[in-house]
Amino acid sequence: MNPPPLRRTVLSLGIAVATLTAAVATPAYARPDHVAPVPAAVAGGPVSGILDGVARQVAVADRSELGRLGASAAAGPVDLLAAGVDGRLAGDFRAANQRLLTAKGLPAGTGSLLRLRLAHPDMRAALARGEAPLVVATPTDDSATSVHAYDRSGGTVVLDAARVPQRPVLVVDVDTERALAAGLTLMRQELGARGIDRAAPARPASRASAAGVTASAGYWATKVDAVRLSDDKEPWLKGAAEIYNLVAGFGLDGKVKVDLVQMPYLDHDGTTYYPNQLLVHFSSYKYNLADVVMMEDDGDTNYAALVKAIANALLVIVDGGAYTPLVNAILDALPASWYTDDPDFVDAWYTLSTGSSGRKHGAGANGWMDVAPYWVAPL
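With the working numbering as the guide, the letters of the sequence shown map in order to residues 682 to 1060.
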């Protein structure tokens, strides 16, 4: 569910707005599919290669094994490490999962990230009739016009990325929900170890203001009443996205603070969600301003690399006595590849304040949020 905003556009817009403080359609079908030679190499990064290898192994598995996996996937996503496949294939899956954890910068104890699912509900009937499914790895290039799936012989079949095929298709992808949970835990630990604390408190508490005046218990927050991302015409076989936000501002000590806020409900573009969720907590900020960078993990995010890059960028920022937008520093820290084929960056909101209300469009014009001030009272 990745948008294609240009990085330079976001950065230039950021300069202009930095001073503002309050400012499923029915699928079509295509056939016939046409057979193509096996590609010389799998496009994309390490995650793509790992998933592609597993997809081919599933496609050429024993017929009864494939049939059982397909039937299970028709009922819901299947954890491939818990699928009960034969010994050799199970060993291959475990090895692939370890490589996947390494590619995503996650600890070995994270567990299984490999899953198998049916690409579209309308394929259940064909699968139940006994039609042999094609198997494909989730693509990382959202702009691709075609995808390569594997058939029973291990050969590839080219599928239109924009039109659902009539043949049943099984998709090998990453359990991004589990990956994101583990990734955010890793990032919080690493940011904390580097001295970048959270702003959101465990519970409301009184605090001293920058002027030394003790504030009453409780604090102001920014609540998201509604949020919507633009439709980016993703391939039909992509699953729901996993969205999270980097919320950054300056603490009372002048050091940058970062909260990592998930939006687990924000699955699809072109849909308005009404979460009533607190996004920015101003409980321990020096200024009543904060920035938000919205990110996504649709399979390829390396959390170890991400948190290292962000921490290195934010640690060198010093409070100069006036609020400095932090979006640019975060965006500058991200690898250039994240703005091309498969951008993990979604959009950014500059200088949300305790008084921000109404509809706020992202600087990259890929989404908007309806926000309102919210007083968090003490227990």
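For the record, the hints were derived by calculation from the structure and aren't laboratory data. Hints may contain errors.
[To be verified] Here are the simulated BS3-like pairs of lysine-lysine, each with C-alpha atoms no more than 30 angstroms apart in a straight line:
1. K904 with K989
2. K936 with K919
3. K919 with K989
### Task
Measure nothing beyond the straight line between the CA atoms of K936 and K919; if it is 30 angstroms or shorter, mark the hint as holding.
39 angstroms, violated
- Item | Holds or violated: K904 to K989, with C-alpha atoms at most 30 angstroms apart | Judged against 30 angstroms, a Cα distance of about 29 angstroms means the pair holds.
Exercise for review: Would you mind confirming whether the straight-line C-alpha gap from K919 to K989 stays at or under 30 angstroms?
Suggested key: 28 angstroms, holds
Of the numbered hints stated above, the single one contradicted by the structure is hint 2.
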